[in-house]
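S.K.: Listed below, chain by chain, are the residues.
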Amino acid sequence: MSTANGKIRSSAAEALAEGRVTLVLGWRKKDFWWQSPVAFVESAAEAEQLTFDPFSVYNPVKYLLEAAGCHEKVGVFVKGCDSRGINRLLQDKRLEREQVLIFGLPCSGMVDPVKIRAAFPAPKICEVARDGEELLVRLSDGQERVQTADFLLEKCLTCRHPNPVVYDRLLWERVPVRSGVDALRFARVSSVAQQQIQERYAYWTRQFSRCIRCFACRNTCPACNCRSCIFDQAEPRWLGKASDMSDTLNYQITRAFHVAGRCFECGECERICPAGIPLQELNRRLIMDIDKYFGPYEAGLAPGDLPPLGTYRGEDPAGFDES
Amino acid sequence: MPVTREGFEPLIVAFCCNWCSYAGADLAGTSRQTYPSNVRVIRVPCSGRVNPGFIIRAFQRGADGVLVAGCHPGDCHYHSGNYHARRRFTILKQMLDYLGIEPERFQVRWISGSEGAKFSAVMNELTENVRKLGPNRKLRDAR
Amino acid sequence: MKKIAKTKLQELWQRLSAEGALHLPVRSDRVVEFVRWQEDVSADLDALNAFLPPKKYFYPQTETVLKYQFEDTLQLTDVSSLAGEKTILFGVRPCDAAAFSLMDKVYLGEPVDEAYRRRRESTVVIALGCLEPEETCFCLAFDIDPGKAPGADLLAADTGTELVFIAQSSKGEELLAKLNGVLQEATSGDENKVKDAQERAREKYVTRVSVHGLAEKLDTFFDSVYWDRLYRRCIACGTCTYLCPTCHCFDLQEYAAGRSGERIRCWDACMFPDFTQMAGGHNPRPTQKERVRQRFMHKLNYFPRQHGGEYACVGCGRCVRQCPVHLDILEVIREMGGAVDGR
Numbered sequence: 001m002s003t004a005n006g007k008i009r010s011s012a013a014e015a016l017a018e019g020r021v022t023l024v025l026g027w028r029k030k031d032f033w034w035q036s037p038v039a040f041v042e043s044a045a046e047a048e049q050l051t052f053d054p055f056s057v058y059n060p061v062k063y064l065l066e067a068a069g070c071h072e073k074v075g076v077f078v079k080g081c082d083s084r085g086i087n088r089l090l091q092d093k094r095l096e097r098e099q100v101l102i103f104g105l106p107c108s109g110m111v112d113p114v115k116i117r118a119a120f121p122a123p124k125i126c127e128v129a130r131d132g133e134e135l136l137v138r139l140s141d142g143q144e145r146v147q148t149a150d151f152l153l154e155k156c157l158t159c160r161h162p163n164p165v166v167y168d169r170l171l172w173e174r175v176p177v178r179s180g181v182d183a184l185r186f187a188r189v190s191s192v193a194q195q196q197i198q199e200r201y202a203y204w205t206r207q208f209s210r211c212i213r214c215f216a217c218r219n220t221c222p223a224c225n226c227r228s229c230i231f232d233q234a235e236p237r238w239l240g241k242a243s244d245m246s247d248t249l250n251y252q253i254t255r256a257f258h259v260a261g262r263c264f265e266c267g268e269c270e271r272i273c274p275a276g277i278p279l280q281e282l283n284r285r286l287i288m289d290i291d292k293y294f295g296p297y298e299a300g301l302a303p304g305d306l307p308p309l310g311t312y313r314g315e316d317p318a319g320f321d322e323s
Numbered sequence: 001m002p003v004t005r006e007g008f009e010p011l012i013v014a015f016c017c018n019w020c021s022y023a024g025a026d027l028a029g030t031s032r033q034t035y036p037s038n039v040r041v042i043r044v045p046c047s048g049r050v051n052p053g054f055i056i057r058a059f060q061r062g063a064d065g066v067l068v069a070g071c072h073p074g075d076c077h078y079h080s081g082n083y084h085a086r087r088r089f090t091i092l093k094q095m096l097d098y099l100g101i102e103p104e105r106f107q108v109r110w111i112s113g114s115e116g117a118k119f120s121a122v123m124n125e126l127t128e129n130v131r132k133l134g135p136n137r138k139l140r141d142a143r
Numbered sequence: 001m002k003k004i005a006k007t008k009l010q011e012l013w014q015r016l017s018a019e020g021a022l023h024l025p026v027r028s029d030r031v032v033e034f035v036r037w038q039e040d041v042s043a044d045l046d047a048l049n050a051f052l053p054p055k056k057y058f059y060p061q062t063e064t065v066l067k068y069q070f071e072d073t074l075q076l077t078d079v080s081s082l083a084g085e086k087t088i089l090f091g092v093r094p095c096d097a098a099a100f101s102l103m104d105k106v107y108l109g110e111p112v113d114e115a116y117r118r119r120r121e122s123t124v125v126i127a128l129g130c131l132e133p134e135e136t137c138f139c140l141a142f143d144i145d146p147g148k149a150p151g152a153d154l155l156a157a158d159t160g161t162e163l164v165f166i167a168q169s170s171k172g173e174e175l176l177a178k179l180n181g182v183l184q185e186a187t188s189g190d191e192n193k194v195k196d197a198q199e200r201a202r203e204k205y206v207t208r209v210s211v212h213g214l215a216e217k218l219d220t221f222f223d224s225v226y227w228d229r230l231y232r233r234c235i236a237c238g239t240c241t242y243l244c245p246t247c248h249c250f251d252l253q254e255y256a257a258g259r260s261g262e263r264i265r266c267w268d269a270c271m272f273p274d275f276t277q278m279a280g281g282h283n284p285r286p287t288q289k290e291r292v293r294q295r296f297m298h299k300l301n302y303f304p305r306q307h308g309g310e311y312a313c314v315g316c317g318r319c320v321r322q323c324p325v326h327l328d329i330l331e332v333i334r335e336m337g338g339a340v341d342g343r
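Chains as they are written, first to last, in the working numbering: chain A, 1 to 323; chain B, 1 to 143; chain C, 1 to 343.
Where hints are given, some of them may not hold.
Using 27 angstroms as the maximum straight-line C-alpha spacing, the simulated DSS-like pairs for lysine-lysine come out as follows [stated by the list, open to error]:
(1) Lys-115(A) / Lys-204(C)
(2) Lys-289(C) / Lys-29(A)
(3) Lys-105(C) / Lys-171(C)
(4) Lys-299(C) / Lys-30(A)
(5) Lys-30(A) / Lys-289(C)
(6) Lys-124(A) / Lys-204(C)
(7) Lys-124(A) / Lys-193(C)
(8) Lys-73(A) / Lys-289(C)
(9) Lys-67(C) / Lys-138(B)
(10) Lys-138(B) / Lys-56(C)
(11) Lys-178(C) / Lys-86(C)
(12) Lys-299(C) / Lys-29(A)
(13) Lys-86(C) / Lys-67(C)
(14) Lys-30(A) / Lys-178(C)
(15) Lys-195(C) / Lys-124(A)
(16) Lys-204(C) / Lys-29(A)
(17) Lys-6(C) / Lys-171(C)
(18) Lys-30(A) / Lys-204(C)
Here are the simulated distance ranges between beta carbons [unchecked claim]:
(19) Arg-188(A) / Asn-129(B): 43 to 51 angstroms
(20) Asp-26(B) / Gly-261(C): 30 to 38 angstroms
(21) Val-177(A) / Arg-305(C): 53 to 61 angstroms
(22) Glu-14(A) / Pro-45(B): 50 to 58 angstroms
(23) Ser-209(A) / Lys-289(C): 33 to 41 angstroms
(24) Lys-289(C) / His-79(B): 41 to 49 angstroms
(25) Arg-61(B) / Lys-124(A): 25 to 33 angstroms
(26) Pro-45(B) / Ala-202(A): 36 to 44 angstroms
(27) Gln-233(A) / Arg-137(B): 23 to 31 angstroms
Bear in mind the hints are in silico, worked out from the structure with no lab data behind them.
Predicted, not measured: the structure shown is a model, and the values here were computed from it.
Ideal Cβ placement from N, Cα and C applies to all residues, glycine included.
The task is simple: from the sequences and hints, build the whole structure.
M.R.: Encoded structure:
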């Protein structure tokens with residue numbers, strides 16, 4: 001891991017020192033072992049704080065929307081999922097390719113702090129670092145080694161593109177796609193879909209009953225990049241401010257539908273939802289249907305594509321009675 | 001107002017494309033075809049104009065069934081609006097079903113300006129089907 | 001002072017639910033939340049923070065304050081008089097209980113918020129003392145003792161295998177008297193056990209930051225360049241404010257339908273761009289910088305200045321854990337000049 005940090009720091013420092021970019025987005029370590037938030041680095045000296053560890057999970061791409069407006073060129077470190085977010089912004093014409101210098105980081109998965117805490121409940125955890133295939137968990141009273149695979153975030157267990165799909169420089173060797181990813185990808189969707197319609201309604205309304213409409217799912221999503229969102233509009237008001245199931249469904253259906261064919265499965269919406277709503281089960285259902293009706297499609301792989309709901313073919317099947 | 005029959009009378013909101021389906025409604029009228037007064041027609045420029053938000057809002061404000069009607073594929077006045085609509089509503093219909101909202105309540109039909117009889121048949125059929133399903137409570141704004 | 005073995009709690013829930021609507025923390029799906037108790041539900045007494053703080057019982061996310069109907073004349077219904085079902089809130093942690101007292105300053109100060117007062121008065125709060133801190137806990141920084149909750153009606157002190165109930169108000173005493181059949185008398189031995197547990201808990205907790213003198217220091221911090229950098233990470237979601245047990249800002253909305261309608265009070269978040277948006281289009285907090293500044297200045301300067309030096313934070317750590325971008329109050333307090341302690 002230290003070599004990874006070395007490469008990240010020197011790449012950022014170099015690009016900043018040479019004046020190729022004036023801002024670099026990466027990650028840095030904060031107070032707790034599980035906190036590696038996005039860092040805004042503007043000088044070679046500041047680049048020393050950059051880190052890439054098992055918790056550098058947050059997608060920095062969304063910040064490009066604002067950063068690219070105030071900097072001529074921005075450097076950004078991206079994992080596989082993050083890089084698809086860059087293609088998302090390019091495809092949506094919200095970013096120009098020349099505005100970013102992309103450092104690609106092949107990623108073998110990020111670690112779920114919840115799983116670590118469950119495995120080490122009593123002793124205080126001080127640090128969790130990657131060491132080959134294993135995680136080194138440093139505790140207040142010693143250290144332990146565990147298999148990384150057992151502690152990965154759920155979203156990483158279903159990742160089909162661990163290697164960046166767009167970059168200027170790849171900082172290290174590509175990593176293999178995890179085996180069994182395809183079987184897991186739609187497993188949760190299928191188990192919900194198998195229920196009876198009334199059970200499905202009960203399931204979803206139970207999940208959505210916890211929605212507090214904090215909009216974290218929308219705000220973190222690089223596919224939600226409209227300059228102004230209809231949900232923020234006061235006149236006409238499309239979404240009431242009162243928290244009730246009618247408007248929560250209105251919000252959730254609209255959010256998911258808006259990213260249909262554009263969601264690139266980074267899973268950040270679900271990961272950060274404070275209410276634990278399984279949003280990926282909704283996003284992935286739309287992906288499944290798009291695959292089924294209009295042919296397999298993965299968003300964020302090619303910026304030149306038209307998203308499936310932004311195009312058509314004359315011979316498309318219809319998912320309704322066309323008679 | 002309709003003469004209310006015994007029991008539940010569904011409210012149907014029909015978004016009809018100006019060039020085909022709305023003309024179909026006109027033809028139905030001028031040719032003395034009847035269709036239930038449960039249906040409230042909203043004229044839109046094209047089926048491609050219909051945002052999924054319109055459909056959700058209709059259900060929120062009391063619709064028991066929603067129909068989107070447009071030109072047959074290939075006949076769009078704007079070339080491709082209905083093709084886009086076809087993709088969009090294919091996905092929306094599956095999604096409503098997945099969330100546990102009866103997909104029968106949301107229908108999409110292609111009705112041309114010469115299909116007055118079809119317009120009336122579709123409206124009769126939809127009204128009857130939704131009547132059997134009963135009132136829609138899901139998505140309804142209780143206020 | 002009375003007690004019950006933790007194995008017999010189901011009986012206690014049964015008995016309590018006869019005295020009012022019993023709400024307690026329950027784990028379901030992926031989160032712990034306060035919900036109404038039912039026969040087949042068991043409380044989660046290990047989780048420290050329910051995902052939403054129990055402030056929702058006194059200050060619900062959405063509440064109708066007025067209904068109107070226009071027939072021949074305008075008819076108004078004041079619905080605040082309807083609030084106040086008899087409720088028992090079990091398992092409120094000391095930090096959340098302390099937050100009730102802070103919220104009281106806002107809603108029970110003049111002018112008194114009638115609906116809030118009714119709900120507050122018709123509810124018996126049973127606090128549950130903490131034994132083990134989570135790593136994000138920093139209640140001690142605000143002088144909140146993790147084993148005590150002086151503002152609650154009853155304290156349920158956890159001694160490991162038993163819960164010992166101590167009445168702290170007349171409402172608490174009244175309820176305790178009704179639980180005779182279920183609870184046993186506690187002995188002086190139990191009293192010592194409670195003290196031991198409270199002391200052990202206190203030792204395990206760390207303050208993490210010191211807020212001593214911070215409010216005064218912040219009087220001149222409004223124009224600090226610190227804010228120019230801090231906000232950049234914020235994604236303007238409402239997680240921190242909605243999950244905060246002391247955040248209490250609301251919005252009033254009109255729902256009009258034909259000749260009738262409702263006026264609704266609902267939670268609002270100062271992180272949202274439309275929070276200060278005026279009808280004419282002007283926004284006095286035009287960027288996220290001003291919004292982030294507002295949140296922290298309100299908690300650490302404006303509130304203590306208005307309310308006798310008390311900070312609008314109880315160290316529950318929800319925002320520390322849940323902020324998607326880890327922009328949290330611990331970092332801010334430290335960087336504003338509050339001392340670091342006990343890491």
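S.K.: Hint by hint, which ones does this structure get wrong, listed from lowest number up?
M.R.: The structure breaks hints 14, 19, 25; every other hint is satisfied.
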